[in-house]
Amino acid sequence: MRRILIVGAGSAIAEATARIFAERGDAIFLVGRNPGVLESIAADLKVRGARAIGMEVMDAGNLSAHVALLDRCEEFLGGLDTVLIAYGTLSDQKACESSAELTDLELHTNAVSVAALLTPIAARFEQRRSGAIAVISSVAGDRGRQSNYVYGSAKALVTAFLSGMRQRLYKAGVSVITIKPGFVDSPMTAAFRKGLLWAKPHRIAEGIVRSIDRSSTVAYLPWFWRPIMFIIRAIPEFVFRRLKL
Amino acid sequence: MTSQVVSSWGNVISAEHAIVQLASRHQPFPDISPGTSVLPYGNGRSYGDSCLNVGGALLQTRSLDRFIAFDTESGSLVCESGVLLADILRVAVPRGWFVPVTPGTQFVTVGGAIANDVHGKNHHHTGTFARHVRRLELLRSDGQRIECSASENSEWFAATVGGLGLTGAITQAEIQLRRIAGPLMDVETIRFQNLDEFLALCAESDQDFEYTVAWIDCLEQGRQLGRGLLQRANHIESPSTDLRPRPRQRSVPFTPPFSLVNAASLRVFNAAYYHRQRGARNRRISRFEPFFYPLDNVLHWNRLYGPRGFYQYQCVIPSAGGRDAAEALLKTIARSGLGSMLAVLKLFGALSSPGMLSFPRQGITLALDFPNRGERLERLFKELDHIVQSAGGRLYPAKDGRMPGSLFRSGYPRWTEFTRFIDPRCSSSFWRRVTEGA
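Just so you know, the sequences run in chain order U and C. One rule links them: number in the numbering used here = place in the first sequence (from 1) + 210. One rule links them: number in the numbering used here = place in the second sequence (from 1) + 994.
Chain U on its own, in the form it takes in the complex (with noise of 0.2 Å):
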């Protein structure tokens, strides 16, 4: 049996894989911030199977409240080995374009308060020696793209913070993994039109499991993405500036 966080547990992603974790018989800690969503979230999980469902609320930008979070997530589940980071937020890349606050903001979520929260997750798994640590960044962080190079910075800024962990961890046994997501299907990209390339949210659960599962380093999911990612990478600049991606 696991013993799991999530944090963004409110996601579609967070939730279908929860949903494995559960019907495998695993302890659970959901962390989200729309008490309600959660509720819902831990009955559904409860039938499914879960051994034990904790939660609490909390908005991960507050960096002062990571800490009290951890201890409380560990006294309820008995102890801790796996920690699944999925929250976000798509940003508004036109709306980034003028507001420096609001890139700021869409940084600071996206980014700098997922490297924050890793900090003391990889502390108290490297004095251990074990555990497994699962963060949700995105085919957007291998290259930055005007359509949404913000999110795709703060995406990318998550890759490499976790390209260094994985190093410094792997010697004391600690997984690492990088989850990137194509296009999915969820309540967060409800606004586009959907095409061949778009995977349904339990499609990706299902890939972030087995890679938790097999301490894989950097999953693609669906698999495709890994050889679209690099051609697209190995297109030089000269060319990349002028095409509409």
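It cannot be assumed that every hint is accurate.
[Said to hold, decoys possible] Counterexamples of contact, computed for chain U against chain C with all Cβ distances above 10 Å:
(1) I251
(2) C306
(3) E307
(4) S340
(5) M439
[Said to hold, decoys possible] Quick list of the computed label-pair ranges, beta carbon to beta carbon:
(6) U/L455 / C/T1066: 47 to 55 Å
(7) U/Q337 / C/D1025: 48 to 56 Å
(8) U/L455 / C/P1247: 26 to 34 Å
(9) U/E447 / C/R1089: 53 to 61 Å
(10) C/S1027 / U/E447: 43 to 51 Å
Treat the hints as calculated values from the structure; they're not laboratory data. Backbone N, C-alpha and C fix where the C-beta goes; we use that ideal spot for every residue, glycine too.
Let chain U serve as the given structure and place chain C on it in line with the hints.
Relative to chain U, chain C alone:
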């Protein structure tokens, strides 16, 4: 509001619909532009046009897929309306519970099962799905939420179960599950030569077997008219620890350019299927999935009927005169040679259906798939309609895409009473078709 091309399971109609999501059960009824009608839409397993609203909007409820509570002592399950029966089975079977009634696929939503008041192979024993719905919540377009059950707001309940989504959106329901000892079934398959043998076998079986259903060979004429295989089954009463993995799911990856179901393939299949077991009787133990959901292992099996799709014709004929009418139907179908391998015969029992527009009533029900052959098929359907109507029978809206309004209205005399409960913003292609000009 986005829009999307939606087709129903029969693939006869494909049309652009405006799509609205009901993202949470706590959410108010979504704003729909004035003048546009809307129809709650679950998993799209209805065959014809009862789950379509061409020219209007569909209110998708599939994302309401959370469980709310499950009392494993009493078997009472509360869940949102977009939960699939497959999801319920996943959590219920390992804990010794089973859905009280199930149609031939587990990929229907709870809301859809209620709105069509579905039945299963245990109808003679257990009645329809809605008999096991202890309460439900109905969300109306004016924002009102109506909590209803057989005893509370019972008129709303009677209108909503079997109400084809027209009374508003079902957001959640409480269902009484049925105890089982384990996932195994004791299944007996018996060959019968004709309709009278089928009826005799049913009379002999319905008392002792919770589930009975027959496959019939719709090509045979003369003395073998109505030959087929009767399956009768019970859940095994002793606990078991059968952990064999389920068979791998396959899928029909694309729609072939023409129907693979045709006169030649049908003759070969039917003869082989009828003779698939050596003796007249065969008994085996199996998991519940192959017994209840033989087709669920082939995703998108409906594509086999090609780009023109298929119709299903399911009627029920009341007991008095049912035998002769069923014989007349089978003769007419056999003569036409237009049927398919999916032909099912069952006796419905006496337990009454709770909905104003519920389909099941005591009598014989016959269900057949037909590849869409346009005019030729419609001529056959008219002959069948005539037999059904003369015998006082009716067709199943969930399967229908073409019945004349007059046949619907004579089969469902409570339809005028039902209209009082229709949500002013709700409509469907089916409803407009069968009530137009009335």
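Structure-based check of each hint:
no.: 1; hint: I251; in the structure: violated (7 Å)
no.: 2; hint: C306; in the structure: holds (25 Å)
no.: 3; hint: E307; in the structure: holds (26 Å)
no.: 4; hint: S340; in the structure: holds (30 Å)
no.: 5; hint: M439; in the structure: holds (27 Å)
no.: 6; hint: U/L455 / C/T1066: 47 to 55 Å; in the structure: holds (52 Å)
no.: 7; hint: U/Q337 / C/D1025: 48 to 56 Å; in the structure: holds (53 Å)
no.: 8; hint: U/L455 / C/P1247: 26 to 34 Å; in the structure: holds (30 Å)
no.: 9; hint: U/E447 / C/R1089: 53 to 61 Å; in the structure: holds (58 Å)
no.: 10; hint: C/S1027 / U/E447: 43 to 51 Å; in the structure: holds (46 Å)
Violated hint: 1 only; the structure is consistent with all others.
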